[in-house]
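Asker: This is what each chain is made of:
Number of protein chains: 2
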Amino acid sequence: MIEKIGIVGGGQLGRMLTQAAQPLGFQVTVLDSGENAPAAQVGAGQVFGELTDPEAIAKLAEQCDVLTWEIEHIDSDILIDLERRGHDIQPSPHTLKAIQDKYEQKKTLQAAGLPVPPFRELPGRSWEEGGLRSFREQILRPLGEKVIVKTRTGGYDGRGNHVFDGDLDALRQAVGTEWSNLYVEQIVPFQTELSVISARDRRGNVVTYPTVETVHEDNICHMVMCPPDLDPDLSAKAQELAHETMKLLDGAGVFAIEMFAVEGKVLINEIAPRVHNSGHHTIEANQTSQFEQHIRAITGMPLGSTAQRTPAAVMINILGGRTEPLDRLGMDAVLTLPDTHLHFYGKSARAGRKIGHITVLGDTVNVASALAQHARAALKA
Amino acid sequence: MIEKIGIVGGGQLGRMLTQAAQPLGFQVTVLDSGENAPAAQVGAGQVFGELTDPEAIAKLAEQCDVLTWEIEHIDSDILIDLERRGHDIQPSPHTLKAIQDKYEQKKTLQAAGLPVPPFRELPGRSWEEGGLRSFREQILRPLGEKVIVKTRTGGYDGRGNHVFDGDLDALRQAVGTEWSNLYVEQIVPFQTELSVISARDRRGNVVTYPTVETVHEDNICHMVMCPPDLDPDLSAKAQELAHETMKLLDGAGVFAIEMFAVEGKVLINEIAPRVHNSGHHTIEANQTSQFEQHIRAITGMPLGSTAQRTPAAVMINILGGRTEPLDRLGMDAVLTLPDTHLHFYGKSARAGRKIGHITVLGDTVNVASALAQHARAALKA
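Chains as they are written, first to last, in this note's numbering: chain A, 1 to 381; chain B, 1 to 381.
Hints should not be assumed to be uniformly reliable.
No distinction is drawn between identical chains; accordingly, a pair holds when it is met within one copy or between any pair of copies.
Stated by the list, open to error - In the BS3-like style, the derived pairs of lysine-lysine whose C-alpha atoms are separated by at most 30 Å in a straight line are:
id : residue 1 : residue 2
1  : 354       : 380
2  : 237       : 146
3  : 4         : 347
4  : 265       : 247
Hints are computed from structural coordinates only; laboratory data are not their basis.
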């Protein structure tokens, strides 16, 4: 009987997971190094420590009946070891390990016959050992000039990605020396970026949320729109690919399958093995939020309906920097808008940091996204 | 600029107010004497003390920019004094004082021309001093044999109410000696009990939620249904009466106006100057929950839409005693039902205590209430 849930990471995702777990009667403890972590502010217990600290993670596991995470940059070997020692960890730490290396992730998807953008290992063992000389022949000839060098592990919100701009020396400078931690992907001329939030329960049942369109700015998810501005056949294809992808992933929990719609096809871009920014609108828009869904999944409860309550839903992120969370005029302007919902995470407004989001429900994406953008602009006034 | 909210009382209402305040960026502190108060479990700060302790209430007021309450059994004179000393208290403590005495409350409603069940002061000054002898003549002759003796202040969930069963001596025994704190009401043969959750912002704007039907069991609110099983004209009349009643109440916040539908009329039964059990369904059913509405109102923000998302909503209380909150089979049975939402309050399951509620949304009250009752029965299994 699961009563206590441990979450590695106590940021906004851990906070919203905590808020979903409490009404169901669960106690949550998070691992986080920061004082006043967003999840701790809403009543989660906190083990203080780094996400990479084996002892801290073990301490969290000891206190909980099931362990999960809100961020994938954890040492998965620690989790695999804890699982071997009898701890219940969801989803599977082996899945986490497989996903953490984006190159291995892509190879796994490709091996399963799933469509992904063309990608390659870097040639040679370093820029010096022939890498630079071979780059043009082994990378640019097959993939074309539009490529991006990505870090295999540890990348986040676009950090660690380097677009090739025709100057190999500049690329070499930009990526630095982590040669073995890099691979190359073709930059696909996508029309739309998509995401399908998916969940599996402990009995193997899988549900997916309606396909959403994501818009990135400076590599950070900026806005999420449902339904996407897309041929319904492609939206359905994205659902199908999400189900296919879920077959490759073990364990219970929520996953975000990010995709590109490009030239009448859908390609899988990346898998996030956790609740995701592209699912925040589900708090108000869907019968079961992605956060409650994850809690249901990892605790062995049945999954809830993913049906959407309104024809359209739009989520827009609030980034730190110019935003004052509690500016009276800005708040008023937002809260007078119809079916508009404000979520602050209790984080300081450091520039570029995700400190909150706004969700607008409505009849059309056009109106909802106009209101969402108006709302965000008002907060910055 | 309001940033910190103080709530007198840290039970389930304070808990749900806290959960509504956090995403809007507010910090909440509650006054409660209990360790592990439901509101403190979800991140509210806590001042430990009795709700009747002037020093504890003053301490809470010092820590907060605005003070409100989740329970009306506070010494309103303390609040009036704190307001005089410059503290921002919402709604008005004078309104609280006027409402606390149910006899004065009824007189105020009657003086304003609003319909209430017939009521009377008790005759004489005690049973001994002529009260008993005059009861038949001064009470039973004008009001009829179906009357209930009620405590003027401090009653809750039916406690302090005594139905006259024809035996005056038995009545005398039952009510004890608090003669001056009693009055008598006619028991009206209502078809339906109604409630209209209403809110006023600081600028005087008033909104009401759709009229709901409440069903009581053993004097405790058991089930809430929206829309009520009622002539739509009467439902509209209830809305009108709620607006008229709000004119008599000062200050910002949520009020519950409880009514009887009887013989084609609507009578006002009682006003609760706070968020209320008959509004719990608004968390999922309405664009703005009663809890967010109260937070918006007391902090000077604009009120949100009270529009309901689905044609029908039903809320059923979970009472302690036979219910195991985390019984796996029970939880599973509930969570497989469509659009069914479980809320536990983090309270121990003492018999008869409200420890949680279930909300079911749907197309008809018939289906939603059947599912709600099925869900509650499953939790008891």
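Asker: Confirm or reject each hint.
Answerer: Okay, the hints, checked on the actual structure:
1. Taking the shortest Cα distances, residue 354 and residue 380 sit within 30 Å of each other inside one copy (14 Å), while across copies they are farther apart (43 Å).
2. Within a single copy, residue 237 and residue 146 get their C-alpha atoms as close as 26 Å, which meets the 30 Å cut-off; across copies the closest is 68 Å, which misses it.
3. In this assembly of identical chains, residue 4 and residue 347 lie within 30 Å of each other by CA distance both inside one copy and across copies; the values are 25 Å within and 16 Å between.
4. In this homomeric assembly, residue 265 and residue 247 come within 30 Å of each other (Cα to Cα) only inside a single copy, at 21 Å, whereas the closest approach across copies is 61 Å.
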